[in-house]
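Starting from the known structure of chain A, arrange chain B with the ligands on it as the hints suggest.
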Amino acid sequence: MSKEETVAKKQGSRYTVRVWRQAGKDKPGQLVDYQVDGIIPNMSFLEMLDVLNEQLTKEGKEAIAFDSDCREGICGMCSLVIDGVAHGPHSGCTTCAVRMRDFPSGSTITIEPFRAKAFPVIKDLVVDRSALDKIIAAGGYVSVNAGAAPDANSILVGKESADRAMDAAACIGCGACVAACPNASASLFTSAKITQLASLPQGQPERKKRVKAMVEEMDRLGFGDCSNHGECEAVCPKEIGINHIAQMRRDYLMATLAP
Amino acid sequence: MSTTLEQDLRAVASPLMNSNIPDGPLESKWTDYKGHMKLVNPANKRKYTIIVVGTGLAGGAAAASLGEMGYNVLNFCIQDSPRRAHSVAAQGGINAAKNYANDGDSVYRLFYDTIKGGDYRAREANVHRLAEVSVNIIDQCAAQGVPFAREYGGALTNRSFGGAQVSRTFYARGQTGQQLLLGAYSSLMRQVHEKTVTLYTRREMLDLVMVDGKARGIVVRNLVTGKLETYAGHAVLLATGGYGTVFYLSTNAVNSNPTAAWRCHKHGALFANPCYTQIHPTCIPQEGDYQSKLTLMSESLRNDGRVWVPKQAGDKRKPNEIPEEERDYFLERRYPAFGNLVPRDIASRAAKLECDNGKGVGLTGKAVYLDFRDAIKRLGQQVVKERYGNLFQMYEEITNEDPYKVPMRIYPASHYTMGGLWVDYNLMTNIPGLFALGEANFSDHGANRLGASALMQGLADGYFVIPYTLGNYLATKQPADNLTTEHEAFKAAAAKVQEMTDKLLSIQGDTTPTEFWRALGKIVWDNVGMGRNEAGLKKAIEEIKALRAEFWKKVKVDGRGDTLNKNLEFAGRVADYLELGELMAIDALHREESCGGHFREEYQQDGEAKRDDEKFCYVAGWKYTGDVSSPELHKEPLHFESIKLQQRDYK
Ligand SMILES: Cc1cc2nc3c(=O)[nH]c(=O)nc-3n(C[C@H](O)[C@H](O)[C@H](O)COP(=O)(O)OP(=O)(O)OC[C@H]3O[C@@H](n4cnc5c(N)ncnc54)[C@H](O)[C@@H]3O)c2cc1C
Ligand code: FES
Numbered sequence: 000m001s002k003e004e005t006v007a008k009k010q011g012s013r014y015t016v017r018v019w020r021q022a023g024k025d026k027p028g029q030l031v032d033y034q035v036d037g038i039i040p041n042m043s044f045l046e047m048l049d050v051l052n053e054q055l056t057k058e059g060k061e062a063i064a065f066d067s068d069c070r071e072g073i074c075g076m077c078s079l080v081i082d083g084v085a086h087g088p089h090s091g092c093t094t095c096a097v098r099m100r101d102f103p104s105g106s107t108i109t110i111e112p113f114r115a116k117a118f119p120v121i122k123d124l125v126v127d128r129s130a131l132d133k134i135i136a137a138g139g140y141v142s143v144n145a146g147a148a149p150d151a152n153s154i155l156v157g158k159e160s161a162d163r164a165m166d167a168a169a170c171i172g173c174g175a176c177v178a179a180c181p182n183a184s185a186s187l188f189t190s191a192k193i194t195q196l197a198s199l200p201q202g203q204p205e206r207k208k209r210v211k212a213m214v215e216e217m218d219r220l221g222f223g224d225c226s227n228h229g230e231c232e233a234v235c236p237k238e239i240g241i242n243h244i245a246q247m248r249r250d251y252l253m254a255t256l257a258p
Numbered sequence: 000m001s002t003t004l005e006q007d008l009r010a011v012a013s014p015l016m017n018s019n020i021p022d023g024p025l026e027s028k029w030t031d032y033k034g035h036m037k038l039v040n041p042a043n044k045r046k047y048t049i050i051v052v053g054t055g056l057a058g059g060a061a062a063a064s065l066g067e068m069g070y071n072v073l074n075f076c077i078q079d080s081p082r083r084a085h086s087v088a089a090q091g092g093i094n095a096a097k098n099y100a101n102d103g104d105s106v107y108r109l110f111y112d113t114i115k116g117g118d119y120r121a122r123e124a125n126v127h128r129l130a131e132v133s134v135n136i137i138d139q140c141a142a143q144g145v146p147f148a149r150e151y152g153g154a155l156t157n158r159s160f161g162g163a164q165v166s167r168t169f170y171a172r173g174q175t176g177q178q179l180l181l182g183a184y185s186s187l188m189r190q191v192h193e194k195t196v197t198l199y200t201r202r203e204m205l206d207l208v209m210v211d212g213k214a215r216g217i218v219v220r221n222l223v224t225g226k227l228e229t230y231a232g233h234a235v236l237l238a239t240g241g242y243g244t245v246f247y248l249s250t251n252a253v254n255s256n257p258t259a260a261w262r263c264h265k266h267g268a269l270f271a272n273p274c275y276t277q278i279h280p281t282c283i284p285q286e287g288d289y290q291s292k293l294t295l296m297s298e299s300l301r302n303d304g305r306v307w308v309p310k311q312a313g314d315k316r317k318p319n320e321i322p323e324e325e326r327d328y329f330l331e332r333r334y335p336a337f338g339n340l341v342p343r344d345i346a347s348r349a350a351k352l353e354c355d356n357g358k359g360v361g362l363t364g365k366a367v368y369l370d371f372r373d374a375i376k377r378l379g380q381q382v383v384k385e386r387y388g389n390l391f392q393m394y395e396e397i398t399n400e401d402p403y404k405v406p407m408r409i410y411p412a413s414h415y416t417m418g419g420l421w422v423d424y425n426l427m428t429n430i431p432g433l434f435a436l437g438e439a440n441f442s443d444h445g446a447n448r449l450g451a452s453a454l455m456q457g458l459a460d461g462y463f464v465i466p467y468t469l470g471n472y473l474a475t476k477q478p479a480d481n482l483t484t485e486h487e488a489f490k491a492a493a494a495k496v497q498e499m500t501d502k503l504l505s506i507q508g509d510t511t512p513t514e515f516w517r518a519l520g521k522i523v524w525d526n527v528g529m530g531r532n533e534a535g536l537k538k539a540i541e542e543i544k545a546l547r548a549e550f551w552k553k554v555k556v557d558g559r560g561d562t563l564n565k566n567l568e569f570a571g572r573v574a575d576y577l578e579l580g581e582l583m584a585i586d587a588l589h590r591e592e593s594c595g596g597h598f599r600e601e602y603q604q605d606g607e608a609k610r611d612d613e614k615f616c617y618v619a620g621w622k623y624t625g626d627v628s629s630p631e632l633h634k635e636p637l638h639f640e641s642i643k644l645q646q647r648d649y650k
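These protein sequence lines map, in sequence, to chains A and B. Going by numbering that gives the first Met the number 0, the residue at position 116 of the first sequence is 115; the numbering climbs one at a time, nothing skipped. Going by numbering that gives the first Met the number 0, the residue at position 236 of the second sequence is 235; the numbering climbs one at a time, nothing skipped.
If we strip away everything but chain A, and leave its shape as in the complex, we get:
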C-alpha cells in the first residue's frame, strides 16, 4: 500500500453496504452486509465497490459481480439500484457518476440489481438486458447499406428537428427506465429510438413499419404496459422525457389504423 493510500484509509469513512448476492440465474439470492473503510468523499460509488472487492479477494471471499465499462456516464453498462432508486440519489446521473460524498459517513447503503421480468439476474448485481437489443433489432434503424448513401448535405435537416432527434438519441440503453417502472415497461427506451428517427427525413419511409414492429416486439418480450407513472423519466440519466412515449403512441395508432 502506498503512503497516500494509507493516509487516505485513515482519513476515509466507513460504510455498511448491504448487497444483493445471488450465485446464478436460478439460484436464490439474499442481501448480505459488508463493512468497507477508507472511503474518501470524492471516490465514485463504483470505486468504493472496487475497494470492497479487493478487500474481499484478500480475505479469500468471492468478489461482488457488477457491470461497468466507461465510468463516465455514456456506455450504459452500470446498473445498480442504490437505496431503492435506479442509479442512486441524483437525477440525471448514472451509477458510475454517483460520488461517495452523497452518503453520510457510517451509514448503511443498500445495493440491488435492476429488476424486471425481462431482465433476469445473471449473478449478484449483473442482469441480462439483451431484450433491449431485440427491440432495436425489430426495427430501430434506417435500412441503408454501406456505400448506398447520397451526399450528406443533399438532405437538409432543420436545426430544430436535428436537435429533437439528438435529445432522443442521447439514450444510453441502460434500462433504468424499465427497472424503475412499476409495470417494468420499456416504453421510454423504445420511444426514444422511435422519436429520434421520426424526427428526421431519413426515418420517414419506414416510420410506420418501425413503430409497429418495435412496439409489438416489446410486448412479446414480456415488458409491461405504460400507465403514465413517470418513474422512468425521473430516473433516466439522460433526462429523456415521457413526451416521447406520447409520440410513440400516436405513431403506433396511425400505423395500425392506416398501415
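Among the clues, some could well be false.
To be verified - Below 30 angstroms or equal to it, Euclidean Cα-Cα: the simulated DSS-like pairs (lysine-lysine) are: (1) Lys115(B) with Lys133(A); (2) Lys207(A) with Lys194(B); (3) Lys365(B) with Lys310(B); (4) Lys57(A) with Lys521(B); (5) Lys60(A) with Lys495(B).
Claimed, not checked - Looking from chain A toward chain B, a few residues come up when the C-beta cut is under 10 angstroms (computed): (6) Ala64; (7) Ala245; (8) Arg248.
As the list claims (entries may be wrong) - Here are the in silico distance ranges between beta carbons for each label pair: (9) His589(B) with Pro88(A): 48 to 58 angstroms; (10) Gly379(B) with Ser104(A): 33 to 43 angstroms; (11) Asn319(B) with Asp150(A): 19 to 29 angstroms.
Hint data in this document are derived by calculation from the structure and do not stem from the laboratory. Backbone N, C-alpha and C fix where the C-beta goes; we use that ideal spot for every residue, glycine too.
Chain B with the ligands only, in chain A's frame:
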C-alpha cells in the same frame, strides 16, 4: 534539420512485411485497385463465415457491412451489448474532407495533415485512402439517422480541431462517438434481424485458432457460464481496440484490453510500433491509487486557462493563498511563443517534469493547476461559462470544487495507442486470414494521432475498406470449405486456454491482479511514458520481467472458472499487460530518435523531438520467438513520394 525525400536504405525490408501497396499514382491507387479486385460470387457469400471480434466503430461497421453483402458473420464483444463498446465514449468529433465550410479543405490536405501530425511515420498510401473515404463516412452516417450538428438552414456544421487550419470536424453535441456507434449498431442490429449476423455478447476471445498456417477460428470464454467455446470461420477480423490500459491510469473504459491482439501476436502476428502511445494533457487527476479510469476534458480549456505550479517544492498552501510572484507559469516561461497552447505531448511532458520535481499539487502531488482567474477577470464569468460551462460542470461533479473560484487540477494520462498489429494495405496481418481494424492496427496515425481521426479510421476500415479487401482475399486465397470446430486444432487451442485458466486459479497467492496491474502501470508510466531514456528503459525491462515472474507465483484469483468471474477475466488481461509492457519498452529502447508520442530524452533539440530519418524511417514489426524478452525485429521502410519530410516545429 530538414532532409529531402531520401529513401531509407539502411532499413532492409522484411519479407514478412510486404505492404502490398498497389502500383500507380497515389491519388488513384485505391480506385484502380478496387476496380480490379477479384470478387466473391454473390451466391457464394453465404457459404463464407466471417468472425468479427469487436463491436466498436471498426468492428460494428465491418460486421454490419459484411452482413449486408451476404456473408455469414459471427460478431463478438465483451460487454452485454454491442452498443457499449469503448468508441461510445469519444466526445469531440470526426474528421472528413468534405470542404462544406468552403475553407480550402481537400482530400490532399487531410492526407497531408495526418502524415505531418503523425510525424512522418505512417504509410502514405493508407493515409491517402483514409482521406478519400472520409467523405463517404459522413454520407453513410447521415443516412443512418446520426443527428449531426446542423446550421439553421439544415446543412451540416463543422468545428476546428488541433493540427489543422481548416474546419473539418463533424460532431453530435459532446457525444459524437456515441452517435456514430449507435448508427453502426443500428445497421448491425438490422443484420441480426436479417439473420446474416449472429451476435455473441459477454464473450472474450482468448486465442486464435490456426489451421494450415491460416487464421480459421477463435476460442472465447463465455463470460456468463465460464465455458470455453470455439468458432470456425474463413477469416478472423480483430477490431478489439488499443492497449492504452497497460498504463493502468488511462482514459479508456475498464474493459478495454489488448488480449485478443496479444494472443494473435503469440501466434506470429507482428506487433508494430508498440512504443507509439498518446498521452493526453488535460485529464482530471487521480484521487487515489484505487482509481485506474480517468476522465478526459477537452483540450480547448487551454485556450483560456493558465497552467502553473508553486515555485516552492512542497508548498502546501491553498492555490488562492499563493501570491502571484510565487507561482511558476511553466509553459509560458518555457515556451514563450506558444505558451499554454503547445501541442499535447509537450504540455504533458512539462507537467510531469514539474511534478517529478516535487512541485505537483493536490492530495497525491500528481497534478498541476489550470487557472481561469485571469480569463474570468478579462472576459467576465459569463463568457467563460458560455465557452466551457459543461466542462466546468463535469469537473465540479467529479471533484466537488468550483473551477470558477479555485483553479482546476489536471494531469496527463494515457489516451490512445498508435501502435498495434501490423497490417498490409489490405488490413491483413502477416498471418493469412487474420485482419486487424480500427485502433487495434498500427496503420494510419504514424507516431501521433490527430484529434477526431480515430473515429474516422475505425469507420473507414469497417464500412469502406474491409468489405473490398476481404472479398479479394477470399476469392483468391480461401475456398469456402467446410472446416468445423471438430478439427483437432480447435480442441488443442481450447485445451491451452483451459490450462492457463487453471493455472491462474491454482496459484492462490497473496496479491490481487489489480495490485500487479498498478505496479506495472507505474513502471511503464515512469519509464515508457512521456519521456524515455536508455537507462530508464533498461531498468523498466528488468523490473517488468521480475514483476511478471512474481505474478505467476503470487497472484490471487478468487472464485471459480465455471461461472461469471470478473477477477479471472482481469487476471488474464494483466498477464498480457505484463508481456506487452515489456515489448513497449524494448521498442522504445531500440528506436533511438524522438518522434510524435515517442520522446527519447537523448534525442532532442532545444526540447523538441528530433527524428532520425536516415536510420529510423521504418515501421518496426516485432515477432514473437517463444521468449517475450527476445522478440525479433522486422522492418518495413517508409517511402515518401508526395510529401517532403520535415522536422515539426512549434517555436
Ligand atoms: C475518452 C476518449 C475520447 C475520445 N475522443 C475521440 C474523439 O473525439 N475523436 C476521435 O476520433 N477519437 C477519439 N478517441 C479515440 C477513439 O474513441 C478510439 O480510438 C476508437 O473509438 C476505437 O474504436 P475501435 O472500434 O477500434 O475499438 P473499441 O471501440 O475500443 O472497441 C473494441 C471492441 O472490441 C471488443 N473486444 C476487445 N477485446 C475483446 C476480446 N478479447 N474478445 C471479444 N471482444 C473484445 C470490445 O468488447 C469492443 O466491442 C477517444 C478516446 C477516448 C478514450
Ligand atoms: S459505466 Fe458507462 S455509463 Fe456507467
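Non-conforming hints, listed in increasing numerical order
The structure conflicts with hints 1, 7, 8, 11, although it agrees with all the remaining ones.
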